[in-house]
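Number of protein chains: 2
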Amino acid sequence: MYLSKLFIPITKDLPAEAKIKSHQLMLRTGMIKQSSAGIYSWLPLGFKVMKKIEQIVREEQNSIGAQEMLMPTIQSSEIWKESGRYDDYGEEMLRIKDRQGREILYGPTNEELITDVFRSSVKSYKSLPQLLYHIQWKFRDEIRPRFGVMRCKEFYMKDAYSFDVSDEEAKKSYNKMFFSYLKTFNRLGLKAIPMAADTGPIGGDLSHEFIILAETGESQIYADKKIFEIDLNKYEFEDSSLGQMRKDFTDIYAVTDEKYNEKKFNESVDKKDQIKTKGIEVGHIFYFGDKYSKPMSCTIDDKSGKKISVKMGSYGIGVSRLVGAIIEAKYNNNVMKWPKSVSPFDVVIIPSFNKNNKENLIKAEKVYHDLKKQNIDVLLDDLDENMSNKFKKHDLIGIPYQIIIGSKSEGDRFEFKELNSESAILSLEDIKSKLKN
Amino acid sequence: MYLSKLFIPITKDLPAEAKIKSHQLMLRTGMIKQSSAGIYSWLPLGFKVMKKIEQIVREEQNSIGAQEMLMPTIQSSEIWKESGRYDDYGEEMLRIKDRQGREILYGPTNEELITDVFRSSVKSYKSLPQLLYHIQWKFRDEIRPRFGVMRCKEFYMKDAYSFDVSDEEAKKSYNKMFFSYLKTFNRLGLKAIPMAADTGPIGGDLSHEFIILAETGESQIYADKKIFEIDLNKYEFEDSSLGQMRKDFTDIYAVTDEKYNEKKFNESVDKKDQIKTKGIEVGHIFYFGDKYSKPMSCTIDDKSGKKISVKMGSYGIGVSRLVGAIIEAKYNNNVMKWPKSVSPFDVVIIPSFNKNNKENLIKAEKVYHDLKKQNIDVLLDDLDENMSNKFKKHDLIGIPYQIIIGSKSEGDRFEFKELNSESAILSLEDIKSKLKN
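Same order as they appear, the protein sequences are chains A and B.
Heads up: the first sequence begins at 1 in this note's numbering, then just goes up one per residue.
Heads up: the second sequence begins at 1 in this note's numbering, then just goes up one per residue.
This is chain A alone, in the form it adopts within the complex (with noise of 0.2 Å):
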């Protein structure tokens, strides 16, 4: 793509409500743009990157055996009223009524739609496990919505639903999410803490929020960093190697301030170990039992032919607000730099040129389009700025590998540069396969 041909509206002025970071950021590259109070439109850049999580989101749930699958926006009220959230839920719901003055919503989260599908469709015993997911706007008509994708009011969210004979089984499905979480902001570039969480209102017993380090973070964390010592590889995607990898990780300390005890975090963490920051939610799960299936009497027949209630639990991962959270942690010292998995490019080449002299120009063409057939998503600043202003400019797409053709490029190398580190002059093909890799 051509910088010149790429709809991103780079905009100088920020408005005074983008208060944090990643707002104003997503902003002054047109990642997004406001259409009203708290709903935004996701232009190509934004777009980008928001796809590319998605996609990681989604081949992370498909490896441990979810299915994807896809519910509508709009519920009725009706099975709401069957759980008993209808009336619970609050203002925050998107109440409507249609044409036919019917009471309907646009869905907040997802488990009594999912209960109603199952009810209908799964009867036995023999077809459990089951892992259902999609990945869907939400909408929470938000007070006071702010700090742009982070606290919006129209949101995409991939939601996750487990179904179980009993409660030990339901907590191998639940460990396997847990594992499947990990892995996923692994790939995200991110280092998320599982901590145990309230429930508040999707109910339940146990719950865990996926947290990650990030200063301008909504929530106070006290953690011990040995918990980031953990290798993952080390678990088999088996159930027993699955509970010893939630036991590691929950026997080490790592709390929110809603469960803070400053005299627990001392005694079980050493100073030097103690981790007292601020994070960021980007996942949330629940195991809740039956919940919603015992009032909307989702039951199968288990072994001995005996009607019983479904035990559930639901996985969130905030899809649109990772975007908003990845640049939280990853934007410091007015540079940002995407992790290569979901950078919107993987690189932009950057000549310096002007109206008198395109020669470095033609070389960036040329070099363009033989990435291009390398299946390398470049991009190519053909704008006619000066250099310090592109840079400035790519110091906040982000894009982590630039190309610059200017005075350092000799024949066919040139100066390569990752985004906060020194650059290398370099032949084509050593930067092939440095983008390759």
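Derived by calculation from the structure, the hints in this document are not laboratory data.
Quick caveat, the model's predicted, so the values are computed rather than measured.
Some hints here could point you the wrong way.
[To be verified] Straight-line distance between alpha carbons at most 20 Å, and here's what the computed DMTMM-like set of lysine to aspartate or glutamate pairs gives:
(1) Lys138/B - Glu103/A
(2) Lys392/B - Asp382/B
(3) Lys226/B - Glu262/B
(4) Lys123/B - Glu103/A
(5) Lys52/A - Glu68/B
[Unchecked claim] If you anchor each label on the Cβ, the simulated ranges turn out as follows:
(6) Lys340/B - Pro201/A: 44 to 54 Å
(7) Arg413/A - Thr199/B: 49 to 59 Å
(8) Lys81/A - Tyr260/B: 30 to 40 Å
[Claimed, not checked] Anything over 10 Å on all C-beta distances counts as not near chain B; from chain A, calculated:
(9) Lys33
(10) Ser76
(11) Ser120
(12) Lys153
(13) Lys226
(14) Asp251
(15) Ser297
(16) Lys393
(17) Ala424
C-beta: ideal position from N, C-alpha, C; glycine also.
Following the hints, put chain B in place on chain A, whose structure we already have.
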């Protein structure tokens, strides 16, 4: 995927309201489940087909240089008041009041919102032409939703928008989309006829519908069968060639009953070439100049520095509707055969076995793992059912290729069948190469 693990609730009893074959088939094979009138959940089988259609639509949009973005489902009423459509649109628009009493709505289409995005982003003719698209859920509050996903309330649609400096330039964008649409439908295994159409509530004076032939279609169509003889490959992606293409297509008689004139039909089409049948609309494109840009003050500076209203068109493909439309076109004599490009699986293995003799199931599993290694997406029917039931079921599920492991298979030679064709006994190597073609 093992069929016993696939979340595919196959229903034998059809609800009375399922009157057309796509609706019946989608319910019977568990592709969808109705959650309330006109609103469906997409279960894994239906979801896979829809995602494949979406991906083909996406690739063909990208190939003409359109850029993907994503607008929200919920829109403010303000922009619709600016364009003048808020009062005109009628009761099909789902109008909502948020918790603060503000008028919002669930977007039935996005001309206003994209105009709002564009006017704040682009200021100069230098950034044009521009093609932007998104694939997003829409809502129309149909008073009588029917025909399953063909006329439902919440539907998935690709809508693109073009932005140009003049009518003449805009028509070039229109022709690009025209070309892209024909290529898209070809890849979906459909023969689509472009037909001059009325513009309805979108407005403008140039519009084409893309209609596929299906006896159960909602529109009566009258066409010259020569329109199927035009070879799309002879045109190049270049303005004058695309202009010629549109002329070649539109010179041939093809209309819906709205525009039908018997005398003209008989005069311009040889009796032997006359097609009179029914069809289903799968795409609709519009050119409407400044209908939205003018009232919404979406202006750019032209070459002379004068502010002019940008010239716009819009281009829709019903992605969820296409799932039903393909079934209407391809489901005949109780056999559904998905086009290879959108089939939920590449091939199904059907072993003959029972509780007491699982030899063929074990063979089938070996073949299954072998094909999986070649990245062939394979379904294994591991259910203990008699073969006649299995065949009936797979006639509905519609995977185009079957490997039947029963009495006719010998050693590593298996019965291989393409739906609606005779089977042959082939080696696994031959089967693989047939599937990979």
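Going down the list of hints, with the structure as the test:
| no. | hint | result |
| --- | --- | --- |
| 1 | Lys138/B - Glu103/A | holds, 19 Å |
| 2 | Lys392/B - Asp382/B | holds, 15 Å |
| 3 | Lys226/B - Glu262/B | holds, 18 Å |
| 4 | Lys123/B - Glu103/A | violated, 43 Å |
| 5 | Lys52/A - Glu68/B | holds, 13 Å |
| 6 | Lys340/B - Pro201/A: 44 to 54 Å | holds, 46 Å |
| 7 | Arg413/A - Thr199/B: 49 to 59 Å | holds, 57 Å |
| 8 | Lys81/A - Tyr260/B: 30 to 40 Å | violated, 50 Å |
| 9 | Lys33 | violated, 6 Å |
| 10 | Ser76 | violated, 4 Å |
| 11 | Ser120 | violated, 7 Å |
| 12 | Lys153 | violated, 7 Å |
| 13 | Lys226 | holds, 38 Å |
| 14 | Asp251 | holds, 33 Å |
| 15 | Ser297 | holds, 17 Å |
| 16 | Lys393 | holds, 16 Å |
| 17 | Ala424 | holds, 33 Å |
Checked against the numbered hints above, the structure violates hints 4, 8, 9, 10, 11, 12; every other hint is satisfied.
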